[in-house]
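Generate coordinates for the entire structure from the input sequences, incorporating the hints supplied.
Just so you know, the sequences run in chain order A and B.
Sequential numbering from 1 applies to the first sequence in UniProt numbering.
Sequential numbering from 1 applies to the second sequence in UniProt numbering.
Simulated from the structure, these hints should not be mistaken for lab results.
Hints should not be assumed to be uniformly reliable.
Partial list, derived from the structure: chain B residues whose beta carbon lies under 7 Å from chain A [stated by the list, open to error]:
hint: 1; residue: VAL128
hint: 2; residue: GLN132
hint: 3; residue: VAL196
hint: 4; residue: LEU218
hint: 5; residue: SER230
hint: 6; residue: LYS267
hint: 7; residue: THR274
We put the beta carbon where it would ideally sit given N, CA and C, even for glycine.
Protein chains: 2
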Amino acid sequence: MISKDTRFCIVGLGLLGGSYAQGLKANGFYVTAIDINEESIDYALNQGWIDEGGVTPTNQLLDVDCIVLGLYPNVVVKWMKQYQDKIKSGCIITDVTGVKRGIVPEIQSILRPDLEFVASHPMAGREVSGVQYSDPNIFKPANFIVTPTDKNTDTAIEFVKDLSKELSFNRTTELSLSQHDEMIAFLSQLTHVIAVSLMNTNDNTHLVDYTGDSFRDLTRIAKINENLWSELFIMNKDYLLKEIDDFLDEMKRFRDTLETEDIEEMKRLFIQSTTRRKLFDK
Amino acid sequence: MISKDTRFCIVGLGLLGGSYAQGLKANGFYVTAIDINEESIDYALNQGWIDEGGVTPTNQLLDVDCIVLGLYPNVVVKWMKQYQDKIKSGCIITDVTGVKRGIVPEIQSILRPDLEFVASHPMAGREVSGVQYSDPNIFKPANFIVTPTDKNTDTAIEFVKDLSKELSFNRTTELSLSQHDEMIAFLSQLTHVIAVSLMNTNDNTHLVDYTGDSFRDLTRIAKINENLWSELFIMNKDYLLKEIDDFLDEMKRFRDTLETEDIEEMKRLFIQSTTRRKLFDK
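Listed below in C-alpha cells is the structure:
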C-alpha cells in the first residue's frame, strides 16, 4: 500500500508525467524524474514539481517504490529491457499508455521476477503536449483504468488503484487488455479519426467566420500530436479498422437513406441516435 | 428602419420564434404571435413574451410591420400562399429557415408586389425544442445570415440586419442562397450526420461509464429533432450528399493509410488537421 514514505519515479516528463509528478508532490511524496530532455527536468525542478531529476536512469533516481512510465508506446518496452537491471527489487511499475495489448504481455514476459508491472491508463489529456502544460486537475473528471493480467498480484493491483486515488481520478475500473483496447478504439480513437478526417475533407478555412459551437466541439480533437497518435493507432490497428469500417457502413446507410429520400427511415435513425445519446448526458 | 413603434408578428412559436418574441419584447416592441398550438400561445402570454396571440392568422394579429416566419421548412411556402392576403401592405417578412434555395425563390415568385420577403437564418439553436425552452441569450454568440436576392430592396435588407442587431447577434453577414446552403451543408448538416451515425454505429450504451469529454462533445448534436432535420436534409440533398461523399472519401483515405501502416502519410494528415483546426480556435 502507498504510505507517506512511498517514493516515486516518473520516467518521461511530458504532459501526463508532469501531471503525475505535480499531483504526487502536492500530496507530500518524494518524486524523482527521468527525461531525455534536460529542459523538461530543469523546468520541473524550478517549479518544485520533483525532488530530483536527470537525463540518465541512475540507481539513485530509480531508488523508488513505484515507477510510472510516461513514455511513448514505441519506447516503453525498449526502456524496460534496457534499464530494468537498475530498478530496486520489489518496485511496482505502471504506465500511462493508451493501448495495452501491444506492450503489456511483452513487458511482463521479459520482466525480472522480483519486479511487477501493472498496466494502467489515465483517460485524461489536453490538445497540447509538454511538461509546461501539465496540470493534475485534468485527472479530477477523468477515468483511470487498470488492466491487470494473470501475472499480477492483488497487492500490486491495489497499489496502482491507490495511486489513482492519490491523483484524485473520478473513477477507477478494471478491464482486460482486450476490453480496454476495444473500448478505446471506439470511444477515443474513432472519434479522433472522424475529427481529423472532417478537418481534412475540404480546405474549409474560409468558413471560420460562420462556424458555430457544434463544429468547434466536433473538431476540437483534430488538434493532435502526430507522433503519439500514429503509434497508438498502429498498435491498435485491428480494433480501430473494425470501428472505422462499422462507422463508414453506418454513414453510408444514412447517405443512401438521404439519396432515396426515405424519410421514415431517416427519422428512425434520428430517434435512435437521440435516445442513445441521452444516456450519455452527465 | 426599425423604430420604437415597429410592430412584429412571430408565426410559429417554437424555440426560435419564442426567442425572437422574448428578445423583441424585452426591447419594448409590440409583438404578436400565431401558432397552431394554443398551449404555446398561452404559455408565451403568461410569461409576458407576447402582447397578443392566437391559433388563427387574423387581420389583427397580422397588423404589423414585420413578420418572422418561425415555421418548419415544408410549411413556410404553404403558409405564405394561404395567408398573404391578410398581411398589411408594406410589411417586411423574414424567416428562420436553415435552408434557402428550396423556399426563397418560390415565396418571392408568388408574393404580392406590395410585400417583401428577405430571407435570413439565425445560426442558433438548442438540442431541445418548444417555446418553453426559448431564450434570446442563444443569439449572443451566434451568426445571423441574410440571404438577399435581386427581388430585394436595400431598405428591406437593412431592416432585417437591424433586426439582428436588436436581437444582439454576434455577427451579421450576407450570403447568396447557394453560398448559404453549401456552407450549411458542410458546417452544420454534415456534422449532424456524423454525430448521428457515430451514435448509431454500435449499441454503445454499455460504454457510458468510460466516456470522456471528447466523445460527449462530438455526439452532443446526435440529439436531434427528427421532423425538422429530415426536412432540412432533403431540401439540401444535393449539397449534403456531396459533403458526405467527400468526407467518406477522406475517411477511407485515412483508413487505408492505417491499414498499410503508412506512418509518414498519417502524420501528414494529423499535422494538416491540427494546422487547419487552430484557425478555428476562438
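Given hint VAL128/B near chain A, where the shortest CB pair must fall under 7 Å: Violated, about 11 Å.
Verify the interface restraint on SER230/B: the C-beta must sit less than 7 Å from at least one C-beta of chain A. This hint holds: SER230/B lies near chain A, its Cβ roughly 5 Å from the closest one there, short of 7 Å.
Once the shortest beta carbon distance from LYS267/B to chain A is found, is it less than 7 Å? Cβ of LYS267/B sits 4 Å from chain A, so the hint holds.
Restraint check, 7 Å cut-off on beta carbons, for GLN132/B near chain A: Violated. Min distance 18 Å.
How about LEU218/B: closest beta carbon in chain A under 7 Å, or not? Hint holds; LEU218/B Cβ to chain A Cβ min 5 Å, cut 7 Å.
Is the interface hint satisfied for VAL196/B? The criterion is a beta-carbon contact with chain A at less than 7 Å. holds, 4 Å
Using the nearest Cβ pair, does THR274/B come within less than 7 Å of chain A? holds, 5 Å
Violation of the numbered hints given earlier is confined to hints 1, 2; the remaining hints are satisfied by the structure.
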